[in-house]
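Asks: Please build the complex by placing chain B on the supplied structure of chain A, with the hints as guidance.
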Amino acid sequence: MTIGADRATLESLLMTRSLDDHELAAASDAAPDYPILPDASVLKIGGQSLMDRGRSAVYPVVEELARVKREHKLLIGTGGGTRARHVYSVAAELGLPTGVLTGVGAAVAGQNAQMLGYLMARYGVPVVGHEAFSALPLHLAESHAVIFPGMPPYDMWQRVPSEGVIPPYRTDAGCYLVAEVYGCRNMIFVKDEDGLYTANPKTDPGATLIPEITVDELISLDLPDVVVERPLLELMRHARHVRSVQVINGLKPGLITRALAGEHVGTIISAA
Amino acid sequence: MTDTRSESVPLFAVKDVPSALMRQTLLDRDLVRAIDRPVIRLLPWLNIVALGGRSIIDQGRDALGPVVAELRGALADHRLLILTGPGVRARHILGVGLDLGLPTGVLAALAATEAEQNGHLVAALLAEQGVSYLPHTAVAHQLAVHLAASRAVVSNGYPPYGLYEFPPELGKIPPHRSDSGAFLLADAYGANSTTYVKDVDGVFTSDPAGGGNPELIREITAADLLAKDLPTLPIDATVLKLMANAKNVKQIQIVNGRTPGNITKALRGEHVGTVIHAG
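Protein chains in written order, with our numbering: chain A, 1 to 272; chain B, 1001 to 1279.
It is possible that some hints are incorrect.
Stretch by stretch, here's where chain B covers chain A in the computed footprint (C-beta under 8 Å, at least three residues) [what the hints assert, rightly or not]: (1) 69-77; (2) 94-100; (3) 146-159.
Because the hints were derived from the structure by calculation, they are not lab data. Yeah, the Cβ is synthetic: ideal placement off N, Cα and C, and Gly gets one too.
So here's chain A without its partners, still in its complex pose (with noise of 0.2 Å):
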């Protein structure tokens, strides 16, 4: 088909039919993919795992990315820590829904962002809400790196967990949907372990290191902990562009600059 006609169809199916329409879908799958900043890599910045231990795990951290924005584009998210733990646990205990924990809880990802947007203020990184981010292109090509809080917009909007109130999609999902919704080129957790284990490596000394995985073999694994948001796997299922995440271990020096370079130093989560 033409893609002349394949724009008739797709316009015609849009006309005619349901948006949950199946032939709709197919359409819209064949669709081209445009990726509007491919040279950029996201990194998430780990709230409890770094920016809740201060200047020892922050300031080397903050050094390597202002290294490493020399030779690439980066959008620095942040996560929560242990003050959206206690927000979470205090609403939860009040009856409270998830709607209103994941507005408290996006509060606290905005002050790691501020923290780290003061720290990184002297390389002329600037911090980015989601409302600003038809700026991005103009900060990448100036500065090369923003800073932005990584929860989603969701709101009182949060799809609801199947136990239990804590917001499903939080700071994992956001910025791993930004890097998608972006066509970046990396997505990289950037936490205070090596990556995805058998059990939860700080409570259990017999987890081993998993340096591989696919999402369908770690969803039928089922542990019981997991290095990232369970909800992640399923959008990455689905996703177009960012088909693999790593996670790493930024406590150790340079290991952020060599995964940004494409090398394996953690664990690699592909889609299939």
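Replies: Using the frame of chain A, we list chain B on its own:
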């Protein structure tokens, strides 16, 4: 800026705030389950009315006029959050955006703009009664005060997912649209009722526009309806999936807004269309 004292800081020197969720990933099921509590209804008197874009608003004066008149009449008895769908202009911009190769998140943000414009149209028609359009942030954080000042407000049915919309299972059409946004908000606020106003009597066994002998399904569970895998539903399929996890909204009703009196009856709790139960 090297920290010379870093060697003396213990590795797990996380500056923790004590809480039930402290020091873990929020990903450990057992730890997260420990704080499970019933969710309170923040606005138990709230009634959510979702107006279809294509089915009602695009039909213009003939369809929207009587619907707005009925909503006006309901203000004395009910406090309403009226949410609007986008309609045919969203179909147009989805077509242009897909052709340009733009991703789902961008398409979601563009389509949401059309739902917002429809909200402004409906709010203008009810302005005389003190009804205004509220943007997402006000709906999320100041809805109570606005509904203390007025019997109803209007907003954009689309959820504020925008660039953060999920990639769908197949293709690129945004999966969280205005019906889903209305449902998520209804559940978050613990609304008293959630009514979807469309141009059909409810859910049929086959598309009523497609001929044949479609039968109206008066009452069904979300899971059963999903299992039927009907080719056409008057409501976004995502809503049926969201219903499985809903904490407070246990049912929704789809009513025909072209039949006078239906909205009023639905707001009174009468069964005039298809009632879908959460489980």
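Asks: Work down the list of hints and note, for each, if the structure agrees.
Replies: Against the structure, the hints come out as follows:
A stretch counts as covered by a chain when three or more of its residues have a beta carbon under 8 Å from one of that chain; for the region 69-77 of chain A and chain B the count is 0, and the coverage is violated. Counting residues of the region 94-100 of chain A whose beta carbon lies closer than 8 Å to any beta carbon of chain B gives 7, which reaches the threshold of three, so the coverage claim holds. Interface restraint, the region 146-159 of chain A with chain B: holds (8 residues with C-beta to C-beta distance below 8 Å; minimum three).
Hint 1 from the earlier list is the only one contradicted by this structure; the remaining hints agree with it.
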